[in-house]
Amino acid sequence: MPTVQLFVTCLIDSFYPHVGEAVVDVLRRLGVDVDFPRDQTCCGQPNFNAGLREEAKPIAQHTIRTFEAVDGDVVIPSGSCAHMLRHNYAELFADDPHWLPRAKALASRTYEFTEYLVDKLGVTDVGARWDGPLTYHATCHLHRGVGVDRQPRTLLAHVRGAEVRPLPEEYDCCGFGGIFSVEHPELSAEFLKRKIRNLESTQSPTLVVADTGCLMHIAGGLHRQQKTQRVIHIAELLNNI
Amino acid sequence: MDPFHQRIRRAISDEHLQEALDGNARRRVEARVTAFGSLPDWPERRQRAHAVRADVIENLDSYLEQFIHNAQNNGITIHRAKDAAEAVKIILDLVGAGGRPPLQKLIAKSKSMISEELDLNPALEAAGHRVVETDLGEYIVQLRGERPSHIITPAVHLRRSDVGQLFHDKLGIPYTEDVPTLTNTARKVLREVFLTADVGLSGVNFGVAETGGICLVTNEGNGRMVTTLPRTHIALMGMERLVPTLDDLALMLTLLPRSATGQKLSVYTQLIHKPLDGQQRHIVILDNGRSRLRASPLRESLYCIRCGSCLNACPVFRELGGHAYGAVYSGPIGSVISAGLFGSEFAPLAQASSLCGACKDACPVDIDLPKLLTRVRAGQADVERKEGQGLATPLKAGLQAFSLAARDPRLFAASQKLAALGTNLVSPASPWMHLPAATGWGYSKDFPKFAIKPFRERFIRQAAERAELKTTPQESPSKVHTSAVQRDCVQQFTEELNAVGGHILLTQDATASIIDFLHARNVDRIHLEPNTLDESALAAAGFTVAHAPDPSIRVGVTKALRGLADTGSVLVVDGDGHPLEASLLPEVHLVVLRKSDILPSLEDAIHLLRESRSAVVITGPSRTGDIEMTLTIGVHGPGEVHVFLTK
Ligand code: SF4
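Quick note, the sequences are listed as chains U and S, same order.
Just so you know, we're using the numbering used here here: the first sequence kicks off at 112 and counts up by one.
Just so you know, we're using the numbering used here here: the second sequence kicks off at 346 and counts up by one.
Rather than coming from a laboratory, the hints here were simulated on the basis of the structure.
Hints are not guaranteed to be accurate.
[As the list claims (entries may be wrong)] List time: in silico PhoX-like cross-link candidates among lysine-lysine, alpha-carbon distance up to 25 Å:
#: 1; chain 1: U; residue 1: Lys168; chain 2: S; residue 2: Lys731
#: 2; chain 1: S; residue 1: Lys794; chain 2: U; residue 2: Lys304
#: 3; chain 1: S; residue 1: Lys794; chain 2: S; residue 2: Lys731
#: 4; chain 1: U; residue 1: Lys215; chain 2: U; residue 2: Lys231
#: 5; chain 1: S; residue 1: Lys716; chain 2: S; residue 2: Lys731
#: 6; chain 1: U; residue 1: Lys215; chain 2: U; residue 2: Lys168
#: 7; chain 1: S; residue 1: Lys741; chain 2: S; residue 2: Lys731
#: 8; chain 1: U; residue 1: Lys168; chain 2: S; residue 2: Lys716
#: 9; chain 1: S; residue 1: Lys716; chain 2: S; residue 2: Lys741
#: 10; chain 1: S; residue 1: Lys762; chain 2: S; residue 2: Lys794
#: 11; chain 1: S; residue 1: Lys762; chain 2: S; residue 2: Lys798
#: 12; chain 1: S; residue 1: Lys794; chain 2: U; residue 2: Lys338
#: 13; chain 1: S; residue 1: Lys794; chain 2: S; residue 2: Lys741
#: 14; chain 1: S; residue 1: Lys533; chain 2: S; residue 2: Lys515
#: 15; chain 1: U; residue 1: Lys304; chain 2: U; residue 2: Lys338
#: 16; chain 1: S; residue 1: Lys434; chain 2: S; residue 2: Lys619
#: 17; chain 1: S; residue 1: Lys741; chain 2: U; residue 2: Lys168
#: 18; chain 1: U; residue 1: Lys215; chain 2: S; residue 2: Lys798
[Said to hold, decoys possible] Label pairs and their in silico Cβ distance ranges:
#: 19; chain 1: U; residue 1: Asp206; chain 2: S; residue 2: Ala442; range: 45 to 53 Å
#: 20; chain 1: U; residue 1: Pro169; chain 2: S; residue 2: Glu470; range: 50 to 58 Å
#: 21; chain 1: U; residue 1: Pro208; chain 2: S; residue 2: Arg644; range: 20 to 28 Å
#: 22; chain 1: S; residue 1: Gly767; chain 2: U; residue 2: Ala268; range: 37 to 45 Å
#: 23; chain 1: U; residue 1: Arg264; chain 2: S; residue 2: Val835; range: 38 to 46 Å
#: 24; chain 1: S; residue 1: Thr422; chain 2: U; residue 2: Arg220; range: 58 to 66 Å
#: 25; chain 1: S; residue 1: Ala774; chain 2: U; residue 2: Pro113; range: 42 to 50 Å
#: 26; chain 1: U; residue 1: Ser219; chain 2: S; residue 2: Pro467; range: 51 to 59 Å
#: 27; chain 1: S; residue 1: Ala764; chain 2: U; residue 2: Ala216; range: 26 to 34 Å
#: 28; chain 1: S; residue 1: Gly767; chain 2: U; residue 2: Pro244; range: 35 to 43 Å
#: 29; chain 1: U; residue 1: Ala216; chain 2: S; residue 2: Ser407; range: 37 to 45 Å
#: 30; chain 1: S; residue 1: Pro467; chain 2: U; residue 2: Pro244; range: 57 to 65 Å
All residues carry an ideal CB built from backbone N, CA and C; glycine is no exception.
Given only the sequences and the hints, what does the whole structure look like? Please build it.
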């Protein structure tokens, strides 16, 4: 049985621990041993994206060290953080002969959660069920960053009882973008409005995403607008048996 | 609030602008996606195009040298300008040259973003010259005293009602929202300009190193006018705008129009090698920060072919339009190069991105724009390398503190705990907190409370359930569809020509068929390219034939050197009897083409143009989409194209 190292991400760790538990449950049910290196913190993306590379570096180095100490594939339930490890670490250490190979070695054993299930384990039906309509928002760093789109959709298609409704403009950004939503709240709010309008047009009570940053942003917007739709992480859906 | 944020707020609250931009985003993106449907191998072409541009930028000096050498041998005068001031001086000297007072010249200008970089129009006007923008969109923004708001569709921020009002105010026509009427008004005004202009100014889409030729891609016909009719033609070219060979050009031409306007080929693809008879041609090659950009980590941005596709795909551009950027180049590419070309005061533009990557996806040469945006943010556009460029100070401080915690697991866990306690004190009853708008986050959404017990405290090591791995066979990703069996060239040519609004007639005897056509149209004078039709038969039938341009003639007849099946295009080459003008000035262009001269695509034909002085690939009648992207046929060039296909 494979062992994986869970990089749970700082957002799930701090705000959505139940999502992390869902990830663990799904993997364990499929026969995967899951471990959680306790020294992990954040991947450093907030600082990297803001342009504060000198401050992103120590965080990235810390993450590399933490996962170098353990064996097995690294699974991340976030397209955005997976993109950070897979691509941005190499950018961050492009001129650093000491850290670049280490960053690349970590990148090569890193998988986004749904990618791991479908591509690595070859699982498309995790035995989940759901009653009623759902809709799925393809988060930007998941489908453009790490090129993972077919995998979550395949998993979704195999959830018994779920009626997956297409979300109009599903590939449009929700406006999170990390620090962007704080630095440019006016722009971010416009993207969010459109995303919520599109969600409403599906009349689905539930929106599924595979990134907690976007989840936090969209759910926060729905709550501010006193809407009733729920945003869930795909792991929660897949853990619904 | 800083000016950029102010401009953002203004753009977002401008409903009129928002409607115009929404329409643009939807239609442009759809058009691009549809256009690439006809190019099944485009992902591979995109990678090749990336490699071609990378090679050019890597070896720019030698390609420039080759280009300049060849262009000079072709009789074109080359000027190099290291910055805007130098370029303006060169152009002023060229425009003012050779004249005794009055020196005031009339300059007909087709679209050139370089001229925006140079702020050229004010400089020419200050010297007493009159400059008229002749691209419909550019003409509109010039009348409004604005800058273009998009590199391809300059008037994208306007609705038809704005243009109606503008033409009513400035040109004195009755107010109308009818796009063909508005277009026709501009056509009439500008026609006069083309015919009397002393100097034609144009941009350049590509320079071809191996031939020294330049390629211009346009739809309306104004680009052809300003490069063909005035005695002096000055082309403005960015120094990076080269491709090594004609083959590379053909590759780029399969990507550029599809990305820019959703066309398989633009209406007019000109290849210019030499001056025409009695004409002077100059190319001004501009650096203006490009060498600096090339030496910086933003080098990849020089691969850009200015298709505008990243602007159309960008959700930020969709909210702002071009003007709010406050820079010559807007959108994702503008947010990268403005800081690199014009200085770090433009660095804050790069913060206005969610890094969603839609731009990279849309880019026909696969420039990693999100990566470049993060480089600008990291201060790499600048020698000083100030990190976090354009970021608000409190945010920077917050992120610095976060970085200290995130490199130390114990500190991280402790901060997490503290934050959880804090947020629970602030908002004991609800899982949400209502933050004030000034925090940024609170502007449009609520903030979740930190979990009292984070995941790290909940995780318990356990073995997996020993379930059997249930694997299901995977669906293979859907097959990339390959184009159906190569259709017959003639049939494909016919279909494509019809699709772009051209007409086709199969004939045994082109002269007889054209005589019938002219009778039906009540036309008795034509501008004819020699050796195309039986002139004695024409004379016997009572037609007057001219071999020189005459603006009062309504029908022009030329041969086509070749036809192109995949785009429905015809190749017209400069020669005796002014075929370039015959295919440009009249309202109706009749083309005689032999069936056997139809080739599959431009890639098969481009080499035939190598020796021509100037040539144009014509794809249907002249058109514009500059007003609300409403397709209007017949702008400056012919409104009708009829191909007489002979055996
Ligand atoms: S960056 Fe790419 S998409 Fe944007 S204008 Fe340049 S070539 Fe086109």
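For each hint, the structure was consulted:
{"no.": "1", "hint": "U:Lys168 x S:Lys731", "in the structure": "16 Å, holds"}
{"no.": "2", "hint": "S:Lys794 x U:Lys304", "in the structure": "22 Å, holds"}
{"no.": "3", "hint": "S:Lys794 x S:Lys731", "in the structure": "34 Å, violated"}
{"no.": "4", "hint": "U:Lys215 x U:Lys231", "in the structure": "19 Å, holds"}
{"no.": "5", "hint": "S:Lys716 x S:Lys731", "in the structure": "17 Å, holds"}
{"no.": "6", "hint": "U:Lys215 x U:Lys168", "in the structure": "14 Å, holds"}
{"no.": "7", "hint": "S:Lys741 x S:Lys731", "in the structure": "12 Å, holds"}
{"no.": "8", "hint": "U:Lys168 x S:Lys716", "in the structure": "16 Å, holds"}
{"no.": "9", "hint": "S:Lys716 x S:Lys741", "in the structure": "20 Å, holds"}
{"no.": "10", "hint": "S:Lys762 x S:Lys794", "in the structure": "12 Å, holds"}
{"no.": "11", "hint": "S:Lys762 x S:Lys798", "in the structure": "8 Å, holds"}
{"no.": "12", "hint": "S:Lys794 x U:Lys338", "in the structure": "18 Å, holds"}
{"no.": "13", "hint": "S:Lys794 x S:Lys741", "in the structure": "22 Å, holds"}
{"no.": "14", "hint": "S:Lys533 x S:Lys515", "in the structure": "14 Å, holds"}
{"no.": "15", "hint": "U:Lys304 x U:Lys338", "in the structure": "12 Å, holds"}
{"no.": "16", "hint": "S:Lys434 x S:Lys619", "in the structure": "24 Å, holds"}
{"no.": "17", "hint": "S:Lys741 x U:Lys168", "in the structure": "16 Å, holds"}
{"no.": "18", "hint": "U:Lys215 x S:Lys798", "in the structure": "33 Å, violated"}
{"no.": "19", "hint": "U:Asp206 x S:Ala442: 45 to 53 Å", "in the structure": "50 Å, holds"}
{"no.": "20", "hint": "U:Pro169 x S:Glu470: 50 to 58 Å", "in the structure": "55 Å, holds"}
{"no.": "21", "hint": "U:Pro208 x S:Arg644: 20 to 28 Å", "in the structure": "21 Å, holds"}
{"no.": "22", "hint": "S:Gly767 x U:Ala268: 37 to 45 Å", "in the structure": "42 Å, holds"}
{"no.": "23", "hint": "U:Arg264 x S:Val835: 38 to 46 Å", "in the structure": "43 Å, holds"}
{"no.": "24", "hint": "S:Thr422 x U:Arg220: 58 to 66 Å", "in the structure": "59 Å, holds"}
{"no.": "25", "hint": "S:Ala774 x U:Pro113: 42 to 50 Å", "in the structure": "44 Å, holds"}
{"no.": "26", "hint": "U:Ser219 x S:Pro467: 51 to 59 Å", "in the structure": "55 Å, holds"}
{"no.": "27", "hint": "S:Ala764 x U:Ala216: 26 to 34 Å", "in the structure": "33 Å, holds"}
{"no.": "28", "hint": "S:Gly767 x U:Pro244: 35 to 43 Å", "in the structure": "38 Å, holds"}
{"no.": "29", "hint": "U:Ala216 x S:Ser407: 37 to 45 Å", "in the structure": "38 Å, holds"}
{"no.": "30", "hint": "S:Pro467 x U:Pro244: 57 to 65 Å", "in the structure": "58 Å, holds"}
Comparing the model with each earlier hint shows violations of hints 3 and 18; every other hint is respected.
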